[in-house]
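Visitor: For reference, the chains in residue letters:
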Amino acid sequence: DAMVIQNPRYQVTQFGKPVTLSCSQTLNHNVMYWYQQKSSQAPKLLFHYYDKDFNNEADTPDNFQSRRPNTSFCFLDIRSPGLGDAAMYLCATSRDLRLRATDTQYFGPGTRLTVL
Amino acid sequence: EDKVVQSPLSLVVHEGDTVTLNCSYEVTNFRSLLWYKQEKKAPTFLFMLTSSGIEKKSGRLSSILDKKELFSILNITATQTGDSAIYLCAVGAGGTSYGKLTFGQGTILTVHP
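Chains U and X, in that order, are what the protein sequence lines are. Those letters in the first sequence? Residues 86 to 201, per this note's numbering, in order. Those letters in the second sequence? Residues 18 to 130, per this note's numbering, in order.
No lab work stands behind these hints: they were computed from the structure.
Below, in silico cross-link-like pairs of lysine-lysine (BS3-like), each with a Cα-Cα straight-line distance of 25 Å or less:
#, chain 1, residue 1, chain 2, residue 2
1, X, Lys117, U, Lys129
2, U, Lys129, X, Lys54
3, X, Lys54, X, Lys117
4, U, Lys129, X, Lys57
5, X, Lys74, X, Lys84
6, U, Lys123, X, Lys57
7, X, Lys73, X, Lys20
8, U, Lys129, X, Lys58
Selected chain X positions facing chain U (Cβ under 7 Å, derived; list incomplete):
#, residue
9, Ala59
10, Phe62
11, Met65
12, Gly116
13, Lys117
14, Gln122
Being a predicted model, the structure only gives us computed values, none of them experimental. By construction, the Cβ of each residue, glycine as well, lies at the ideal position given by its N, Cα and C atoms.
Make a model of the complete structure from these sequences and hints.
Guide: Laid out in structure tokens, this is it:
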């Protein structure tokens, strides 16, 4: 059974048109993360929530925002997508910030964003 | 800035071959090193290493960490076509980076029948 679900799996948007990506989890984990992975590059952490506490990476552009209305859901909003924002967006969860071999980060299948 | 470098970037082998994937890192406040397998879906967790010299093993896969030389290797013996994937190495840090993973760019492994 899927534990970290991302919708949609594929999203096409137009340059400058706001888009929202969705992530939900059935694990009841405290922490939810958003990563951006461009082609042939490492996943790059954009931000994470510990419960309702939002933590933005210093180099995450202002164009990227996130919401976590409850434990299960987290959204990534891209206010004005540019061509350079085309990427795979991965959501992950963990029980706590301290990772253990039995309690690591669990990833969703990703949403591939295309910007026309 | 924390840095994780994987090599080779891509590797093509035939079924039955043994492969070694490398991961080196420069991270402040190192806590753990993780290996993930990424196919056309979510990265799936393989191993987490925190101590030097202790091999973690799961079937045909094994991994070891060297905290003195700041690297880890992932070995896959008797490769199968189902091992074809991107293998990601990530390092978890403490201090102000507590809870964050810094990923390498991955090694693309292709196993031909």
